[in-house]
Structure formats: C-alpha cells, structure tokens
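Undergrad: Sequence order for the protein chains is V and A.
Note that the numbering used here has the first sequence beginning at 1, numbered continuously upward.
Note that the numbering used here has the second sequence beginning at 1, numbered continuously upward.
Quick caveat, the hints were computed from the structure, so don't treat them as lab data.
As the structure is a prediction and not an experimental result, all values here were calculated from the model.
A virtual CB, placed ideally from N, CA and C, is assigned to each residue, including glycine.
Just to be clear, a hint being listed does not mean it is correct.
[As the list claims (entries may be wrong)] Capping the alpha-carbon separation at 35 Å, the derived lysine-lysine pairs in DSBU-like fashion look like this:
#1 V/K18 with V/K112
#2 V/K18 with V/K56
#3 V/K56 with A/K104
#4 V/K11 with A/K50
#5 V/K111 with V/K2
#6 V/K111 with A/K15
#7 A/K177 with V/K11
#8 V/K182 with V/K124
#9 V/K11 with A/K15
#10 V/K111 with V/K124
#11 V/K148 with A/K15
#12 V/K186 with V/K21
#13 A/K50 with V/K111
#14 A/K15 with V/K112
#15 V/K148 with A/K49
#16 A/K104 with V/K148
#17 A/K104 with V/K18
#18 A/K177 with V/K112
#19 V/K186 with V/K124
#20 V/K18 with A/K177
#21 A/K177 with V/K120
#22 V/K111 with A/K177
#23 V/K120 with A/K15
[Said to hold, decoys possible] Residues of chain V placed beyond 12 Å of chain A at every Cβ, according to the derived structure:
#24 E17
#25 Y32
#26 N35
#27 D65
#28 D69
#29 N156
#30 D173
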Amino acid sequence: MKILILNGSTKDDPLAEKICKSLSEALKAQNYEGNLLNLTDIEIAPCLGCFGCWVKTPGLCVIDDAGRDIARSYMQSEMVVFISPIIFGGYSSELKKFFDRLIPVLSPFFKKVGGEIHHKMRYKRYPRFLVIGVLPEPNPEKEEIFNKLTARNALNVEYQSWASGIFYGTHSDNEINEEIRKLVMKVGGSR
Amino acid sequence: MSVVKKTLLLVGSPKYAGSSSESLGTYLLEQLSEKGIVTENIHINQLLKKTNGEEELLNAVNNCGLLILSFPLYVDSLPSGTIKALEIIAQDRAQNRNVKENSKQQFMLAICQSGFPEAHQSNIALAICRCFAGEAGFTWAGGLALGGGGALIRKSLMPGWIYLFMGNLVWRMQARKNGASSVKK
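Chain A with its partners taken away, still in its complex shape (with noise of 0.2 Å):
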C-alpha cells in the first residue's frame, strides 16, 4: 500500500455519542495519527442534517487517502442513513468520473460491529462496502467484523449458553429500570 496522508472515518451509527462504531474508529484513527497520518472524524447522520453536509462529506471523501467506515448492524446490513451516504457518494462519483479516474489511489475499509457472539453474521454488510467501494472507485482493504456488541465480549472468552444467559438478563434489567413491566421472556 502506498503511503496514506490523510485517513477519513466515517462512523455510521445513528447514535450521536457513545457508540461502539465510534469507539472502534477513534482507536484506529489513534494509531494512525501516532503514525504521523493527518485523520478526520465524520459522524454520517449529524453531518447530514446540516444544511452543506452533502458537499462536507463528498469534499472529505475525495480528499482522503484511507476512508474507514464503522458501523453496527442493522438487520443483516447496514443503518439505512449509512446506505444513503454511500448512495451519494457513489452517485457523486458517478456523476464527476474525473474525480474518481484523476485521483490518486483511494483506499477503503470497513468495520461492522453486531450484538450477536458471530463475527460472521456482519458478512453480508461487509459485502455490500465491498461492493460500494468497487463502484465508487476506492481499493478495498477488506473488512472487519466484531461480534459480541457493545461490551466486545469475545466469543472465545463466553460460551454461548452464558451469552444467552447474560444477555436476555441484562435485557430484563434495562426493562425493568425503565418500568417496562410488560416485557416478557
């Protein structure tokens, strides 16, 4: 890979703070400024509320060398708000060939993250990056996918009979915190 100046993250949870995705991405990019590579920090949805969001990103993306997007997993695939960023994009790039036949090499890769102990149920998502970045021009670095949700319990460190315990119990205890008595098991 040839040397990368600037990486660009674009966190894809529809959480505003807190969230794994961006925890991952933040660690990553920490690494990555320790090695003296520029990094910039997109959140997709609040970037894409603001009034010029669409013109910020499609600027951040065609100016990065490295783009990582982090997201959880939504029903096999990934949150609708990050497939729309991606439709943009590739829409852009589509549109403005020059942007994409004139730059340099641009790298992607991707980070799924899921609830589930089975790395392998974030397969499809990371498919489907795969194939966004093939449309739109990036090199793809391949994907990442983490089970074991926002706790990042490593599947080799819990059986899944414990997993099975400890996660439908601390779903009754979030319920019952928030008086959602009508839960059942």
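If we strip away everything but chain V, and leave its shape as in the complex, we get (with noise of 0.2 Å):
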C-alpha cells in the first residue's frame, strides 16, 4: 500500500518527530510504503481563489509548482496521513496551505450529503484519510474544534475510510507508538 505523509509541522517540534517516526515504523511492520514529506521543506503557492481548477483547467490547478505533485501523489496513494500541530483548533497555516490546493480533485458540481450541499467527486476512487493532531497538553477547547473540523473534511471526500487522532507532548512513547499502531489498524486495516 502506498501511503503519503504530510508533516506540517515546524522543524524544532520534537512530537511531531516522534510521531512520524512511530508512523513510520507502524507503515512498515504492515509492510506499507510510506513517503514523508516535510511540507517546511517544500514551497508552493497558497491557492488563489480562482476556480480555475474547475473552469479552465479541470482537475489541475493553475499554478504550476510543487502543489500540483501533491494532489497528483494524493490519488496514486491508497492512504493520506496529515500531521498538524493544532492552531486556534485547526491545522497549521503549513499544512493547510497543501490542504487548500487538495480542490482540484474535487468537481465544482454539487450534491448532498446529509441533507447538505458539497461537491461532486471528480474520481471513482479516493484514499483512506487519517488525521494527527499535535497538542503540548490536553486542551477540550481545541479538542472539540479539531475533532469537529476533522468529521467535516471527511464529508467532503469519499474516503474509503478515515480516522483522526489526538496527541501530546505529555504522552510517552509507548503511549504514542500504541495509539499510532491502532490508527493505522483502523484506517489501513490488516492484511
């Protein structure tokens, strides 16, 4: 299985490497083939707006940069794994960045979900969504946020499944390694 590792966190967070590292070694024990990629380290542009991913070029963003491999890698993997340090109870700017020019891959038609207006899939098939959350300490505020927002973008896209989980500096690494072993179960499953 193919698997994609967003890491929008900064350089200097000592969590966020544990966790990728945990995630890492969970990916291989199930023999997944996991691509970190340290969204620091790579430049792009924020999405503009302009819809021309829908209207002019459909399915491919207009801005020709690193943004465009992104979405393209996030429909070749079977699992998407984003990691965010939790910011006013969203994703970072960092990764929400990458997050935003994720639209193309979505049709601008719409239909609904739950009685809601969302968009039309563009494609047949979608991969598994798992979500990280970073914390210093706990924080119910900021939980409640991330949780919700997370629910949200899992309505958006038709996953073919999708978890998100919460951690903190104050989890030790036996906590941090079992709980990233389950997540990986619950989106990944075993084989």
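Quick one: dock chain against chain with the hints and give me the complex.
TA: Laid out in structure tokens, this is it:
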C-alpha cells in the first residue's frame, strides 16, 4: 500500500518528530510503503481562490508548482496521512496551504450529503484518510474544534476509510506507538 | 461594549479585488464610519507580501479597538494565508505580553461566507476564530456565518433543489466560456 504523509509541523517540534518515526515504523510493520514529506521544506503558493482548477483546467491547479505534484500523489496513494500542530483548534497554516491546493481533485458540481450541499467527486476512487493533531497538553476547546473539523473534512471526500487522533507532549513513547498502531490498523486494516 | 475608537477590517480572501469578503467587511465599515468611528481596511495577503508587511499588520492590530476578520470558507476552515496572519498576531502577542495586558480591551468579530446555502457549514471556521481571539487576548464579540456564495442568495429565498440546479448550471457555463469542454457533470 502506497502512503503519502504530509507533515505540517515546524522543524523544531520533537513530538511531531516522534510521531513521524512511530508512524513510519507502524507502516513498515504492515509492509506499507510510506512517503514522508516535511512541508516546511517544500515551497508552494497558496490557493488563489480563482476556481481555475474547476472551470479552466479541470482537475489541475493553474499554479505550476509542487502543489500539482502533491495533488497527483494524493490521488495515486492508497492512504494519506496529515500531521499538524493544532492551531486555534484547526490545522497549521503550513498544512492548510497544501490542503487548500487539493481542491482540484473535487468536481465543482454540487450534490447533497446528509441534507447538506457538498461538491461531487471528480474521481471514482479516493484514498484512505488519517489525520493526526499535536498539542503540547490536553485542551478541551481546541480538541473539540479539531475533532469536528476532521469529521467535516471527511464529509467532503468519499474516503475509503478515515480516522483522526490527537497526541500530547505529555504522552509517553509507548503510548504514542500504541495509539499510532491502532490508528493505522483502523484506517488501513490488517493484512 | 465600551466606545470603540478604531475599527480594523482584515480581509482574508486570497482574491485581491472584488471579493465577497471585502464587500461584506467594507459594508460594515461604512456603517461604523457613519457613526464617527475611524476605520482601516487591510487585505491580509497583499500586506504580507510587502517587506514590512508583518510589522504593519501587528501595528494596525495592536492599535484597534475592534478587529473584524472577513474571509471565505476554505475546506471547512480559513484560507491558509488568513491562518498565517492569525499565527503571526498570536505569536507576537504571546511574546509581547505587555501589548496584551496593558492595552485597553480589544474586541474581535468574524464574518465567514461560503458558497454553500447552509450557513452552519461555517461554524467550525468561526470556532477557530473564537479560539484565536481567546489566545490572543481579544474579547470575542461574535461570528456571522453567511451562506449562498458570491451572490449571497438567501437560503430562505431559494429551495435546495433550485440551488443545486442553478449552481451546477453556472459551473458548466463558466467552464464552456473558458473552453474547458472536458468538465462533466
């Protein structure tokens, strides 16, 4: 299974580093092939909000940079993992910049999902989706927002499966490893 | 609420001109101007491209009595450039605690507009703004969620099935205009 890991943490985040390491090991144990991208190392422009990817070059962002490659890799992967510090309950601007550039993989046309209007899918198959949020310590307000945000994100795309988890700086290495293993099993299934 | 001397509008749309976020925000500024309140309008993405953009942003934020953030809903949240600005502001206020503690009470409100007819799709984005306000030392004055997109078609005026039909028709017309014939329903 081909896995794309987008790490939206800053370079000096030891907890995110631990999580990436633990995730790589958990994926390896399942014979999954993980491709970890540290987003701070990749320069891309933010989404322009021009809708060009819907009405000019359908499926392709009008900005010709690494954002296009990541959108392609996202669609070609069987599982995509987002790692982000939880900022005001949401994603870091770094992770969000890449997330916004994934809009081309959806169709502009509308459909109803659970009584709400959402966009139709452009493709027949989408990856599995795992989101990992990182906090220095428990914070009920931020965690509630983050959990609701990831659930709404999962409504937008017909992911094959999805899950999200929150990790604290107070977690031990063993707790991190065990929780990561459970999340990988939940989204990827055992094989 | 105490008398607000200066109101700062931060426009969070990635579009430089003619965005719904700007239209909504400036409409509110005009109403406040008529009440004698001094107003300032900043387009976040344009300002942060300037050499001293961050400094200008922080000065404007620290000197306002009311901060209005107007932005479009992007993937259930704020556009990345708007989040970046909030990160810069919160970090500055955490490092310079005297700004936060010695300043007079500052208020913040947020306006989020989306292309979906259901205004509640913006609730998470507004909760993120509220969380930022608390962290950066602003008194949260509330959030306004507007659905219906650029035309601001009110849900009550347009049943869901008409929105679906019209929305899909508009996308097809725009694509055809651009010669993007491969767009399929």
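Undergrad: If a hint holds in the structure, say so; if it does not, say that too.
TA: Taking the hints in turn, this is what the structure says about them:
1. V/K18 with V/K112: 40 Å, violated
2. V/K18 with V/K56: Since the Cα atoms of V/K18 and V/K56 sit roughly 42 Å apart, the hinted pair is violated (cutoff 35 Å).
3. V/K56 with A/K104: Not OK: V/K56 and A/K104 at ~49 Å, beyond 35 Å, violated.
4. V/K11 with A/K50: It holds: about 25 Å lies between the C-alpha atoms, which stays within 35 Å.
5. V/K111 with V/K2: Satisfied, since the Cα-Cα distance of roughly 30 Å is no more than 35 Å.
6. V/K111 with A/K15: 26 Å, holds
7. A/K177 with V/K11: Judged against 35 Å, a Cα distance of about 45 Å means the pair is violated.
8. V/K182 with V/K124: Roughly 28 Å between the alpha carbons, so the hint for V/K182 and V/K124 holds.
9. V/K11 with A/K15: 30 Å, holds
10. V/K111 with V/K124: 15 Å, holds
11. V/K148 with A/K15: 27 Å, holds
12. V/K186 with V/K21: 19 Å, holds
13. A/K50 with V/K111: 41 Å, violated
14. A/K15 with V/K112: Holds, at roughly 28 Å.
15. V/K148 with A/K49: Holds, at roughly 32 Å.
16. A/K104 with V/K148: 33 Å, holds
17. A/K104 with V/K18: 42 Å, violated
18. A/K177 with V/K112: 26 Å, holds
19. V/K186 with V/K124: 22 Å, holds
20. V/K18 with A/K177: 50 Å, violated
21. A/K177 with V/K120: 21 Å, holds
22. V/K111 with A/K177: With a Cα-Cα distance of about 23 Å, the restraint between V/K111 and A/K177 holds, given a limit of 35 Å.
23. V/K120 with A/K15: 24 Å, holds
24. E17: 20 Å, holds
25. Y32: Non-interface label on V/Y32 holds, nearest chain A Cβ at 26 Å vs cutoff 12 Å.
26. N35: Non-interface label on V/N35 holds, nearest chain A Cβ at 22 Å vs cutoff 12 Å.
27. D65: Correct as stated: the minimum Cβ-Cβ distance to chain A is 14 Å, above 12 Å.
28. D69: Consistent with the label, V/D69 stays out of reach of chain A, its closest Cβ about 18 Å off (over 12 Å).
29. N156: 7 Å, violated
30. D173: 28 Å, holds
Figure legend: structure checked against the earlier numbered hints; hints not met, in rising order: 1, 2, 3, 7, 13, 17, 20, 29.
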